[in-house]
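Q: Residue numbers (the working numbering): 2 to 363.
Everything labelled a hint here was simulated from the structure, so no lab data went into it.
These numbers come from a predicted model, not from an experiment.
Each residue gets a CB set at the ideal place from its N, CA and C atoms; glycine is no exception.
Hints are not guaranteed to be accurate.
Claimed, not checked - Per label pair, the in silico range of CB-to-CB distance:
#1 G287 - Q140: 42 to 48 Å
#2 R159 - D62: 51 to 57 Å
#3 G287 - R250: 51 to 57 Å
#4 R301 - L207: 21 to 27 Å
#5 N158 - A355: 34 to 40 Å
#6 G31 - P307: 54 to 60 Å
#7 G188 - R298: 24 to 30 Å
#8 G31 - N323: 58 to 64 Å
#9 R159 - S286: 19 to 25 Å
#10 R298 - I196: 21 to 27 Å
#11 R159 - S116: 25 to 31 Å
#12 R159 - N323: 19 to 25 Å
Said to hold, decoys possible - Derived SDA-like pairs (lysine to any residue); straight-line CA-CA distance at most 20 Å:
#13 K71 - N61
#14 K71 - D48
#15 K351 - E335
#16 K171 - T227
#17 K171 - R86
#18 K171 - S221
#19 K71 - P42
#20 K171 - L225
#21 K171 - I200
#22 K171 - A202
#23 K71 - P30
#24 K171 - V324
#25 K171 - G206
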Amino acid sequence: MLKRRDFLALAGLAGAGALSGCGRRNDPPGSLYGRAVAQAPPRTPWDAQWVAFEGRMAQNDTLRIDYFTKAELGNEERMLHDLRRGRAHIGGMSLQGLASSIPELSVAIAPYLFSSYEEVDYVYDYHLYDIINELALAQNLMILQWVEVGWTHIFANRPLFTPADAAGLKIRTSPNAAARFFCEAAGMDAIALGISDVIPALQTGLVEGGLSSLPFHFFSTLELATDFTLTHHSFDTGAIVLNRDWYERANAAQRATIDAAWGSSADARAGVRGMTAMLEGAMRSGVMRGPDGNVVRELRTSGGEPIAVHDLNRDQQAAWQNVTANVIDQLIDEAGGRSREVYEVILAGKAAFAAQASGGDA
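Throw the hints in and build the complete structure from the sequences for me.
A: This is the structure in structure tokens:
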């Protein structure tokens, strides 16, 4: 059965202040204070889910939450630092960000580990939660909910059909071993940069492209690259993370509100996946259209060049898979801890999914 993570879909909370769950001056007795932070671009399903979460949390007037939903209080590394220390209490994280505190999670974003949305959902929902939450608890964190970031691809100023096309490119990555090892295995120069540094780095030539989900690229770097190659090489599901001490201080009614405030993971996934399909269609057509079907704007680079989306054929994808096949072993060696156990849980989940899909017992 699915656990408590099925009740919440996208939230974020981190903080720069020293607040650790204490009440504020005018809060009624029994109030629970927290800070909420997310990196949710405006006019996206993440932003809409966050607005809905705030409204549902407000129905319990003993929960006093300050909201900073557009990265006002720092990057994911800062969020996790504050979450562990009780200066933040709820965090919406990508797996790449969360792996800075739980290194074993890098295994889950290894190249070509998953092949479909359905497989991802099954493995995370029915197999990975327990072991990842155990690792989180050791960091004074809790995994409350898997959410959705999406498939990772590559943008640059040329198509990257095979690793040979990408050789020597200076590629922006997150500060994550899985991204770094993927780029290095394919002959690219991996340059780890925070989100706020990506656009200046592209503009100055420090990097020539990057690894990104399609929505993040659309909303942040679309005008800085002519080509977006759909490699589907990694999947980042994201997670809602709590400060463990803060959650345990909550009373039963407060916990019930927190658990249920964001609805189901299925709804969260559907919103992001629907948006991703819509944005991909716009990128392929070269225009954004409004609800009436009329063109709102053309999609071009800042230099006026058209933007192209590229698919890989079977042989091209096999070439990427072949050169990055050893990355999983590198990740297990570097992350240490229970990394191999995490990998074995993933493999067991994949096998169970395959058995279920073929009509066998899961």
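Q: Would you mind marking each hint as holding or not holding in the structure?
A: Here's how the hints hold up against the structure:
no., hint, in the structure
1, G287 - Q140: 42 to 48 Å, "45 Å, holds"
2, R159 - D62: 51 to 57 Å, "56 Å, holds"
3, G287 - R250: 51 to 57 Å, "52 Å, holds"
4, R301 - L207: 21 to 27 Å, "23 Å, holds"
5, N158 - A355: 34 to 40 Å, "39 Å, holds"
6, G31 - P307: 54 to 60 Å, "59 Å, holds"
7, G188 - R298: 24 to 30 Å, "36 Å, violated"
8, G31 - N323: 58 to 64 Å, "59 Å, holds"
9, R159 - S286: 19 to 25 Å, "21 Å, holds"
10, R298 - I196: 21 to 27 Å, "24 Å, holds"
11, R159 - S116: 25 to 31 Å, "26 Å, holds"
12, R159 - N323: 19 to 25 Å, "21 Å, holds"
13, K71 - N61, "24 Å, violated"
14, K71 - D48, "9 Å, holds"
15, K351 - E335, "23 Å, violated"
16, K171 - T227, "16 Å, holds"
17, K171 - R86, "35 Å, violated"
18, K171 - S221, "18 Å, holds"
19, K71 - P42, "7 Å, holds"
20, K171 - L225, "14 Å, holds"
21, K171 - I200, "14 Å, holds"
22, K171 - A202, "10 Å, holds"
23, K71 - P30, "30 Å, violated"
24, K171 - V324, "18 Å, holds"
25, K171 - G206, "9 Å, holds"
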